[in-house]
Amino acid sequence: MKRSVFKNRGLPYLLVLPQLAVTLVFFFWPAFESLRLSFFRTSAFGDRVVFVGLENFRKLLVSGDYYQSVVNSFIFAFGVTALGVGAGLFVAALATQNVRGLTAYRTAVLWPYGIAPPIAGIIFLFIFHPSYGVLPYWLSFVTAYEFNWLLKGWVAMALVVIATAWTHVGYNIAFFLAGLLAVPTSVLEAASVDGAGALRRFRLIVFPLLAPITFYLVVVNLFFSFFSSFGMIHAVTQGGPGGATEIMVFKVYKDGFIGLNLGSSAAQSVILMLVVIGLTALQFRFVEKRITY
Amino acid sequence: MRRTVRSFIPGFAALALLAAPLLAPAPALAKTEIHFWHAMGGQLGETVGELVRQFNQSQREYEVKALNKGTYPEVLTAAIAAYRQKNPPHIVQFFDVGTQTMLSSGAIYPVFQLMKEQEVAVNWKDFIAPVVSYYSKDGNLYSMPFNSSSPILYYNKAAFKKAGLDPGNPPATWKQVGEVSKKIIAAGAAKCGFTTSWPSWTMLENTFPWHDQPFATNENGYKGLETKLLINSEFGIKHIGQLAAWQKERVYSYGGRMGQPDPKFVNGDCAMLIQSSAVIGGFKRSVKFDWATGQLPHWGAPYKKQNAIVGGGTLWVMKGQKAGDYKGVAQFLKFISDPHQQMWWSVTTGYVPITQTAIKNLEAGYHFKKNPEQWTALSQLGATPTANSRGHRLGNMAQIRDAIEPELENIFAGKKTTKEGLEAAVAKGNEILKEFAAANKP
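If you're matching them up, the sequences are chains A and B in order. Per this note's numbering, residue 121 is the first one in the first sequence, and the count goes up by one each step. Per this note's numbering, residue 4 is the first one in the second sequence, and the count goes up by one each step.
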C-alpha cells in the first residue's frame with residue numbers, strides 16, 4: 121500500500137473514528153460496566169448496591185454448577201466447531217463439482233445461515249421433541265433406544281451441537297467455497313498429469329491453500345459457540361436436563377435475568393471474556409505460525 | 004438508469020403510506036395512556052386484549068395499552084430495565100413466586116395504598132382467602148389479584164373407558180394414580196399413565212401445602228428473610244421417590260419444564276396430566292377427545308388434606324409515573340376486579356374467580372354444575388390456609404425453581420438418588436436464599 125493515499129494526515133483518523141466510537145460504546149463500555157458490576161452485590165431493581173470485592177468470583181470458583189457449565193461450554197464449542205467446519209468443507213467441496221443446477225444448490229446450502237438461532241432452535245425442537253417430534257419416534261422405533269433428551273444429558277448436548285452447527289454451516293460453506301474456487305486449476309491439472317489422485321490433490325494442494333480460511337473459521341466458530349449460541353439453548357433445552365447443556369453464556373443469562381443476581385452474572389461474563397481472549401491468543405500464538413498465507 | 008429510477012417508485016409510495024399516520028392530525032382529545040405489560044400468550048393473551056378493549060370503551064379519559072412481553076421472568080426483566088431507565092410501565096403482571104422480590108424492591112406502589120389515595124373504593128374483604136393471604140403484607144394487599152390458578156388433574160375419559168375404568172371417577176389418591184395408570188397401560192389405552200407440567204410448582208410447591216407440610220422454614224418465608232428449604236424432608240423423599248420409581252415403569256413420564264409436557268396428554272400418549280387450571284380454556288378449544296378434571300391427588304393418612312396454593316399472577320403498580328396517571332390505573336384495576344369482568348375472565352380462561360361475589364353469581368347461574376372442571380381448582384382453595392399452606396414468600400423464587408428442576412431431572416434420569424437430588428436442590432436453594440437475604444437486608 122502506498123503512503124500517499126491520504127494527503128491530509130488527520131483524515132485517516134477521522135475515517136476510523138465512527139468504527140472506533142461504535143467499538144467504544146458497544147464493546148468497551150459494556151465490558152467495563154460488567155467488570156465494575158462483578159465487584160458488587162446488587163438487588164433486583166438496582167436500588168441496593170453493596171461492594172463485595174472478589175466475593176462473586178470466589179463463589180463461582182467453589183461452585184460445582186459453574187465448573188459443569190465451563191466443561192459444557194468447551195464440549196459444546198469444540199463440538200460445534202468441529203462439526204460446523206468439517207461439514208462446511210465437505211459441502212463446499214461438493215458444491216464445486218460440475219453438476220446441473222449448481223447455482224440452486226449453492227443458494228440452498230448457504231440458506232441456513234439466514235435463519236436466526238432461536239428460530240432454528242424452534243425448528244429443531246419441533247423435529248426432535250420427545251413429546252411431539254417425529255424423529256425420536258422413528259429413531260427409537262429403528263434403534264430400540266429412547267432418545268429422550270429431556271432426561272438424557274448426552275442426547276440433549278448432541279442435539280444442541282448439531283442444531284447450532286447447522287445454523288452456522290452456511291457461513292462456513294460460503295468461505296470454503298470462495299477458497300476452493302480460488303485454487304488455481306492449472307496447479308490441480310498439473311498434479312493430475314503427474315498422477316496425483318483426488319485425495320492426494322486435496323491433501324497436498326487444496327487444503328494448504330485453504331488453511332488460512334480454515335483457521336479463520338475455527339476462530340470465528342469458537343467465538344460464536346461461546347458467545348452467541350444462547351438463543352439455541354434458550355429455545356431448545358433451557359440448559360437441561362440436570363444442567364447438561366447449561367453452557368457459560370446461558371448461565372450468565374439465567375443467573376442475571378431469571379435469577380436477577382447481577383453481580384454473579386457480571387463476574388461470569390468477565391470470566392467468559394477472559395476464556396475467549398485466552399483461547400484466541402493461544403490460537404494466534406501457536407496455530408497461526410503453521411499457516412502460510 | 005431510467006429503469007432504476009422507476010423501480011424505486013413503488014418503494015417511495017410504500018414509504019409515503021407508512022408515514023401517512025404520522026402526518027395525520029392528532030385527535031382533538033388525547034387520552035392518557037396507561038401501559039400494562041403482561042405475560043399472557045395464546046388464548047389467554049386474546050382474552051386480556053378483549054378485557055382491555057372493554058375498559059377502553061367504558062370511559063373516555065384513559066387508554067390502557069396492553070403489551071405481551073413474553074414469559075413472566077421476561078416481563079419482570081423488561082420492567083426492571085425500564086424502571087432503571089426511569090420509564091417503567093404503570094402496571095406489570097408478575098407471577099406468584101415473584102412476590103417477595105417485588106415486595107423487597109421499593110419500586111412498587113402498593114395497591115391498597117393506591118386505591119385509598121386515588122379514592123377508588125374496593126371491597127377487599129370480598130377477595131377469597133388463599134389469594135389475600137398470598138399477596139398481603141400486614142393484612143394489606145400489595146398487588147391486585149388477577150389471574151389465580153391451582154394445579155389440577157386432567158384425565159382422558161376415552162382412555163379410562165378403554166381400560167375398563169369409570170370415566171366419571173378420577174383417581175383421588177396417589178396410590179390410585181399408580182393403580183389406574185398400570186391398568187391403562189396394560190389395556191393399551193395410553194403409553195404412559197401421567198405426566199406433570201411445571202414440575203417444581205405442581206410436585207413440590209403445591210404438593211407440600213396440599214399435605215400441610217412446610218416447604219421452607221420461617222413459615223415458608225412469611226416470618227422473615229432468613230429461610231431454608233425443607234423439600235428434602237421425609238415427605239419430599241417419599242413423594243419424589245415414588246415419581247422416580249414410576250418413571251422407570253412408564254406410569255409416570257417426565258415431559259420437561261413449564262408447559263412442555265402438555266402435548267403428551269393432548270396427543271393421547273399419557274392418560275393423565277397435572278397442570279394449572281389456567282389451560283382449561285385452551286384445552287376446551289384444542290383437545291380432541293373427551294376429558295375431565297379431578298383434584299390434585301393426595302397421599303391420604305397420616306397426612307392432613309389442606310389447601311393448594313394459588314399460582315398465576317397478580318398486577319403490580321410501579322412507582323415513577325406521572326401522578327395524574329394513577330387515577331386511571333386505579334380505575335382499570337377496579338374494572339378488572341369487578342364481579343362481572345371477574346366472572347367473564349374466569350369462565351373464558353379457567354383461572355379461578357377471586358371474589359366471593361363472582362363465585363356466588365356463578366353458582367347461582369349453575370355455572371359450576373354445567374362446567375365441573377371450573378369448580379375443581381376452586382374446590383382445592385377452600386380450606387383456611389395454615390402456616391404451611393399460605394403460600395411462598397421466598398426471595399428469588401424463580402431462581403430457586405431453576406435450582407430444583409435440574410435436580411428433579413437428575414433424579415428421574417436415575418443419575419442421583421432421590422435423597423441426593425433433593426439435598427443438592429436444598430443446598431443450592433439455600434445459597435440463593437442467603438444471597439437474597441444479604442442483598443435485601445432492611
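Just so you know, these hints were derived from the structure itself, not from any lab. For glycine and all other residues, C-beta sits at the position ideal for the given N, C-alpha and C. Mixed in with the good hints, there may be bad ones.
Facing chain A, from chain B, some residues (calculated, C-beta under 7 Å) [stated by the list, open to error]:
no., residue
1, Thr74
2, Pro76
3, Arg87
4, Lys89
5, Ser108
6, Pro266
7, Gly327
8, Asp328
9, Ala401
10, Asn413
11, Ala442
Each computed DSS-like pair below joins lysine-lysine, with the alpha-carbon atoms no more than 27 Å apart [said to hold, decoys possible]:
no., chain 1, residue 1, chain 2, residue 2
12, B, Lys419, B, Lys251
13, B, Lys194, B, Lys372
14, B, Lys140, B, Lys251
15, B, Lys422, A, Lys179
16, B, Lys419, B, Lys444
17, B, Lys34, B, Lys322
18, B, Lys140, A, Lys179
19, B, Lys165, B, Lys330
20, B, Lys444, B, Lys34
21, B, Lys226, B, Lys164
22, B, Lys418, B, Lys164
23, B, Lys72, B, Lys337
24, A, Lys179, B, Lys325
25, B, Lys322, B, Lys119
26, B, Lys231, A, Lys179
27, A, Lys179, B, Lys444
28, B, Lys330, B, Lys140
29, B, Lys419, A, Lys179
Original post:
Does the nearest C-beta of chain A fall within a distance shorter than 7 Å of the C-beta of Ala442(B)?
Top reply: It holds, given that the least Cβ distance between Ala442(B) and chain A is near 5 Å, below 7 Å.
Original post:
Hey, does the Arg87(B) contact hint survive, CB to chain A under 7 Å?
Top reply: holds, 5 Å
Subject >> Pair hint outcome, Lys419(B) versus Lys444(B) [Cα-Cα no greater than 27 Å] >> reply: With Cα atoms ~35 Å apart, Lys419(B) and Lys444(B) exceed 27 Å; violated.
Subject >> Pairwise hint evaluation, Lys325(B) against Lys179(A), where the allowed Cα distance is 27 Å at most >> reply: violated, 42 Å
**OP:** Answer holds if the nearest beta-carbon of chain A is closer than 7 Å to that of Gly327(B); otherwise answer violated.
**Re:** violated, 24 Å
Subject >> 27 Å limit on alpha-carbon distance, applied to hinted pair Lys226(B) and Lys164(B) >> reply: Answer violated: Lys226(B) to Lys164(B) is near 48 Å, above 27 Å.
Original post:
Do the alpha carbons of Lys231(B) and Lys179(A) lie within 27 Å of each other, as the hint requires?
Top reply: holds, 19 Å
Original post:
Can the hint on Ser108(B) be confirmed by a CB-to-CB distance to chain A that is less than 7 Å?
Top reply: Nearest chain A Cβ about 4 Å off; hint holds.
Original post:
Does the alpha-carbon distance linking Lys165(B) and Lys330(B) stay inside the 27 Å limit?
Top reply: violated, 57 Å
Original post:
Lys444(B) and Lys34(B): Cα distance at most 27 Å?
Top reply: violated, 41 Å
Subject >> Proposed proximity, Lys179(A) with Lys140(B) (alpha carbon, max 27 Å) >> reply: violated, 33 Å
Original post:
Does the structure keep Lys34(B) and Lys322(B) at a Cα separation of 27 Å or less?
Top reply: holds, 21 Å
Figure legend: structure checked against the earlier numbered hints; hints not met, in rising order: 1, 4, 7, 8, 13, 14, 16, 18, 19, 20, 21, 22, 24.
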